[in-house]
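Here are the chains, one letter per residue:
Number of protein chains: 2
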Amino acid sequence: MGGDQAPRMVLRGANIARKRDPNLHFVFYGREPELKPQLDKLKKLRPNAEIVDCADVVSDDAKPSVALRSGRDTSMRRAIEAVRDGHAQGCVSAGNTGALMAISKVLLKTLPGIERPAIASFFPTLRGESVMLDLGANVQCDARNLVDFAVMGNVFARSILGVVDPVTGLINVGTEERKGHETLWTAREMLAELPLPGRFHGFIEGDDIAKGAVDVIVTDGFTGNVALKAAEGTAKLVSVYLQRTFKSSLFAQVGYLFARRAMQKLRKRTDPRRYNGAIFLGLDGITVKSHGSTDALGFAHALGLAGDMARQDFLEKTRNELAGIRRDPEGQRAAAG
Amino acid sequence: MGGDQAPRMVLRGANIARKRDPNLHFVFYGREPELKPQLDKLKKLRPNAEIVDCADVVSDDAKPSVALRSGRDTSMRRAIEAVRDGHAQGCVSAGNTGALMAISKVLLKTLPGIERPAIASFFPTLRGESVMLDLGANVQCDARNLVDFAVMGNVFARSILGVVDPVTGLINVGTEERKGHETLWTAREMLAELPLPGRFHGFIEGDDIAKGAVDVIVTDGFTGNVALKAAEGTAKLVSVYLQRTFKSSLFAQVGYLFARRAMQKLRKRTDPRRYNGAIFLGLDGITVKSHGSTDALGFAHALGLAGDMARQDFLEKTRNELAGIRRDPEGQRAAAG
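Chains A and B, in that order, give the protein sequences. This note's numbering puts the first sequence at residues 1336 to 1672. This note's numbering puts the second sequence at residues 1336 to 1672.
There may be inaccurate statements among the hints.
No distinction is drawn between identical chains; accordingly, a pair holds when it is met within one copy or between any pair of copies.
[Said to hold, decoys possible] Computed cross-link-like contacts, BS3-like style, restricted to lysine-lysine with a CA-CA straight-line distance of at most 30 Å:
{"no.": "1", "residue 1": "1440", "residue 2": "1398"}
{"no.": "2", "residue 1": "1444", "residue 2": "1514"}
{"no.": "3", "residue 1": "1571", "residue 2": "1582"}
{"no.": "4", "residue 1": "1652", "residue 2": "1546"}
{"no.": "5", "residue 1": "1444", "residue 2": "1378"}
{"no.": "6", "residue 1": "1546", "residue 2": "1398"}
{"no.": "7", "residue 1": "1582", "residue 2": "1600"}
{"no.": "8", "residue 1": "1603", "residue 2": "1546"}
{"no.": "9", "residue 1": "1652", "residue 2": "1440"}
{"no.": "10", "residue 1": "1398", "residue 2": "1514"}
Bear in mind the hints are in silico, worked out from the structure with no lab data behind them.
Please work from the sequences and hints to get the whole structure.
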């Protein structure tokens, strides 16, 4: 029921995701009277879909604490319960982010050894794709949290992005050892000792994100949130500048006609909908948050991402990685903070 | 003597700045044997220029504390001394940033009421130009520091960017009152009460930077540094994507030929050299830090910026604004933190 164009875009998104992956099965939690007419229109989706009628929805402006205490019969809560109870392998929502995180934390709990879940996302870089976390779940983080993020990001890069030996970097205001503050120095030392596949690169700076200098970008939720949005804002700015440029003269307009197909390819490749889906990592269950403003195509990507994570046994792999670190004496120290 | 192409680019930069503003006078601090042959080549610059021979330079990798204690005869120190002693109205360097800030702080001191100076820069947005601070001088800031930054940014926006009633925003991970952390909540309350020309907009998010949602963007040095570099990295990424796109097919290449002039205009407008020059605000003297990797054109912009600030009586205006706030009972509280 969440998102600007819900529930229509949710069902249509599922239909696109089904075309890509006919083995996906969908359970839609929401008001059946609104969902059913939409689902009836999508004849090929129907065999792969069911509706669970829920009386309530979590509103977009509800405070997480209020959403948590509110009725048991919200569509958001019941979808997460389905994940907890094993009726679903993952939950995707375009609704209230804070509420989704709060309810997921309470119902799914965190993975053993993880103190706080993080929000992660991946995006295109000069070298391919990188994953960054945290993007806003934890405004303030200690070194231990940052190390946990690195572990989760490492598993994500390997199992979902297909990077064999992921390189991890920690965001700072410089690459020298004593730049930044003490939390970062401690985290850096712990990460250097962590027995993870791949390599720890050390500190990176803001411009290393788009460069693709590393595969896994670790930072606190405040910095990550601002950096990602600053990057998104800049991409949008350049795109507007470019549109204006192509309209600025007759020659430029003709130029655009010639370059149009190439430009469309570029637009397709950098389409934010392709990267829709923020993953709540560190929970003992898969929850993916779609942008509220996305359309069916964007929502289909978020659904596909949840499907990939389930199929790749993402949780099991993370659990094993965390247990391995704890068995390792060096890692023990690191994991214990 | 600082910067990748120094001292040649410094002298050539001065020559470009002189062409734009024949009233500028230049004193070059550095090794005369290296400077003189370069200056002799620039015949029109010579009447506006002198060289002060200095035995030493601050190296790029010197720690600020070491640079501070090191010999009295470094070109950096003597250039800042000239500002302190009134022999120069501003100092521009492409050298070691940390050393430049440390020496400037010790020699020039901060303006009355300012506890810590900040690094500021301005850049293009969807609506024009905005100034952001701090960009890395203060990795951790309290509410009082953020308020000081807002005052300095306000004066800068009015006197240098020519914005009559600047709108100020405070970076956070959301725009709601209780997003982020306590320092931001306190700063927000203090800023709302501050008697400054213009308006306080409240919290802004990372994507509001490029949108130009506000004229003055206030944040701590860690966040500002990462956000600015993340934005720069993204702009570079999009530009590389675009180059590849224009080369991706024959049609696209022809398209580029038609659109070339318009593209060149865009490139000129967004040329990072146009925005070269990070300003050390809050000091009782003008210090501008040029990118170390810039060329003569970029250095000329940094020189022009220092010239503008001197001509606009930037320091006097900031002093008055700070005094005004302290006279105002509401401001008193705000300024006292």
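Cross-check of the supplied hints:
no., hint, result
1, 1440 to 1398, "within (15 Å within a copy, 45 Å between copies)"
2, 1444 to 1514, "between (35 Å within a copy, 23 Å between copies)"
3, 1571 to 1582, "both (17 Å within a copy, 22 Å between copies)"
4, 1652 to 1546, "within (28 Å within a copy, 41 Å between copies)"
5, 1444 to 1378, "neither (37 Å within a copy, 74 Å between copies)"
6, 1546 to 1398, "between (37 Å within a copy, 27 Å between copies)"
7, 1582 to 1600, "both (19 Å within a copy, 13 Å between copies)"
8, 1603 to 1546, "both (20 Å within a copy, 23 Å between copies)"
9, 1652 to 1440, "within (20 Å within a copy, 52 Å between copies)"
10, 1398 to 1514, "between (37 Å within a copy, 11 Å between copies)"
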